[in-house]
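One line per chain: the protein sequences are A and B, in this order. Be aware that the first sequence starts at 0, since it is given in numbering that gives the first Met the number 0, and climbs by one per residue. Be aware that the second sequence starts at 0, since it is given in numbering that gives the first Met the number 0, and climbs by one per residue.
Because the hints were derived from the structure by calculation, they are not lab data. C-beta atoms are modelled at their ideal positions from N, C-alpha and C, and glycine is treated no differently. A portion of the hints provided could be inaccurate.
What the hints assert, rightly or not - Simulated DEER-style distance windows between Cβ atoms:
1. A:90 <-> B:30: 32 to 42 Å
2. A:65 <-> B:257: 32 to 42 Å
3. A:24 <-> B:32: 27 to 37 Å
4. A:64 <-> B:255: 45 to 55 Å
5. B:11 <-> A:64: 25 to 35 Å
6. B:11 <-> A:65: 27 to 37 Å
7. A:64 <-> B:225: 26 to 36 Å
8. B:76 <-> A:22: 31 to 41 Å
9. A:64 <-> B:273: 39 to 49 Å
10. B:170 <-> A:22: 29 to 39 Å
11. B:281 <-> A:22: 47 to 57 Å
As the list claims (entries may be wrong) - If the Cβ cut is set under 10 Å, some of the chain B residues that face chain A in the computed set are:
12. 80
13. 90
14. 92
15. 94
16. 95
17. 99
18. 153
19. 157
20. 164
21. 234
22. 306
23. 307
24. 311
25. 313
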Amino acid sequence: MSTNGLANDTWPLWEVFTQGAHGEPFEHAGSVHAADAELALQNARDVYARRGEAVNLWVVPSSAITASSPSDAGPFFDPGNDKAYRHPQFYVAPRGVRIF
Amino acid sequence: MEQKPAVPVEDPALVAAFEARIAAGESIEPKDWMPERYRKQLTRMMSQHAHSEVVGMLPEGNWITRAPSLRRKLSLIAKVQDEGGHGLYIYCGTETLGVDRHELVEQLLDGRAKYSSIFNYPTLSWADMGVIGWLVDGAAIVNQTVLAKASYGPYARAMIRICKEENFHKRQGYEICAVLARGTPAQREMVQDAVNRFWWPALAMFGPSDTNSPNSGELLKWRVKRKTNDELRQRFVNLTVPQAIALGITLPDPDLRYDEATGNWMFGEIDWAEFFEVIAGNGPCNRERLEARNKAHDDGAWVRAAANAYAEKQNAKSTAAA
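From just these sequences and the hints, can you work out the full model?
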């Protein structure tokens with residue numbers, strides 16, 4: 000194998016997001032390796048959209064993603080967990096009235 | 000982060016919490032804490048699976064130029080492309096465990112990696128394309144349908160994607176078999192011969208018997224596998240025998256019989272000596288497969304070099320512009 004081949008095999012990783020239909024949210028599909036964004040997009044199409052699974056694709060350098068940490072998930076998401084008043088069920092409506 | 004000791008001593012509380020999550024049916028994600036053995040077993044299993052998909056392109060690629068019609072050729076090209084895609088889905092899953100794909104590809108190319116023994120058998124006739132789709136992809140579906148519920152999220156998600164595509168593979172294979180089985184005596188004989196050669200290797204695809212499967216215990220405990228090799232093999236036989244009967248094809252096993260009590264099709268003993276020989280690298284095509292894979296990799300070097308050169312040029316341009 001050429002030294003060139005070695006270098007080329009270590010292309011950066013790109014995370015792939017697909018939109019299944021217009022109006023739907025983008026969803027993480029997987030990842031591809033590619034030398035640049037344009038090729039990452041083409042590789043993503045060939046790997047994750049061979050059967051019309053996507054109407055749009057995003058590719059993002061994996062190194063650009065910052066994720067929450069599972070070990071801190073408890074305290075990190077805590078602010079959202081104890082606020083029942085953010086849900087409609089918290090409020091009492093008079094009997095017999097249609098609110099929605 | 001502090002340097003970890005070479006042999007990690009795992010915190011029993013972490014292990015217990017991990018096993019409780021598995022027991023509760025939760026999915027384990029890449030950044031979650033996991034025992035080193037879980038990571039090791041998954042890496043081993045997933046990389047072997049990915050390699051199998053990639054090597055699996057070779058026996059069928061062999062027949063693309065000789066497909067009997069344009070329709071068959073289109074299907075076969077699409078199927079072989081899918082297998083390459085499946086390899087990439089699983090390599091991508093394996094990378095979430097902290098393994099570089101480059102390292103795995105190296106292991107495949109230099110012969111250190113294992114892959115499914117079935118792909119070390121030759122494809123001698125066109126009927127083999129039908130039988131591989133029917134039996135080999137059929138066996139893969141039985142296996143992968145269960146792996147789609149594996150405890151490791153990225154693996155399970157890759158399996159869901161793959162299962163959807165394998166159904167096309169199996170149906171196109173069975174269609175080829177059905178057409179040949181209804182054809183001339185020579186065509187019938189060709190499909191029967193292919194079944195004779197692939198039936199036992201297809202059964203061996205599920206791996207060693209439960210009494211002799213060193214990795215099964217851990218994989219079952221951690222719900223990477225959810226059924227044993229023998230359970231899956233039995234399920235495959237039960238599904239396949241009626242399909243063979245419908246084709247008027249004889250499965251090459253004199254011990255095959257229906258058991259009223261269990262509802263299972265009982266089958267004879269697999270030649271495990273042959274299985275382990277093929278796994279050890281002494282199958283009919285091990286060397287040929289690796290040579291073909293290395294040649295394909297080397298022949299593609301200029302494409303990778305061109306992509307690199309272009310990316311570098313674009314980079315230089317945008318740096319100059321900035």
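Structure-based check of each hint:
1. A:90 <-> B:30: 32 to 42 Å: About 37 Å separates the Cβ atoms of residue 90 of chain A and residue 30 of chain B, which means 32 to 42 Å holds.
2. A:65 <-> B:257: 32 to 42 Å: 58 Å, violated
3. A:24 <-> B:32: 27 to 37 Å: 29 Å, holds
4. A:64 <-> B:255: 45 to 55 Å: 53 Å, holds
5. B:11 <-> A:64: 25 to 35 Å: 33 Å, holds
6. B:11 <-> A:65: 27 to 37 Å: 32 Å, holds
7. A:64 <-> B:225: 26 to 36 Å: Between residue 64 of chain A and residue 225 of chain B, where Cβ atoms are some 31 Å apart, the hint holds.
8. B:76 <-> A:22: 31 to 41 Å: 33 Å, holds
9. A:64 <-> B:273: 39 to 49 Å: Since the Cβ atoms of residue 64 of chain A and residue 273 of chain B sit about 47 Å apart, the hinted range of 39 to 49 Å holds.
10. B:170 <-> A:22: 29 to 39 Å: 32 Å, holds
11. B:281 <-> A:22: 47 to 57 Å: For residue 22 of chain A against residue 281 of chain B, whose Cβ atoms are near 56 Å apart, the range 47 to 57 Å holds.
12. 80: 7 Å, holds
13. 90: 9 Å, holds
14. 92: Since the shortest Cβ distance to chain A is 8 Å, the answer is holds.
15. 94: Status holds, d = 7 Å.
16. 95: 8 Å, holds
17. 99: Nearest chain A Cβ about 7 Å off; hint holds.
18. 153: The hint holds - residue 153 of chain B has a Cβ within 10 Å of chain A, the shortest such distance being about 8 Å.
19. 157: 7 Å, holds
20. 164: 8 Å, holds
21. 234: 27 Å, violated
22. 306: OK, holds: residue 306 of chain B within 10 Å of chain A, min 4 Å.
23. 307: At about 5 Å, which falls below the 10 Å cut-off, the nearest Cβ of chain A leaves the hint on residue 307 of chain B intact, so it holds.
24. 311: Nearest chain A Cβ about 8 Å off; hint holds.
25. 313: Given a least distance of 6 Å, the restraint on residue 313 of chain B holds.
In summary, the structure is inconsistent with hints 2, 21 from the numbered list given earlier, while agreeing with the others.
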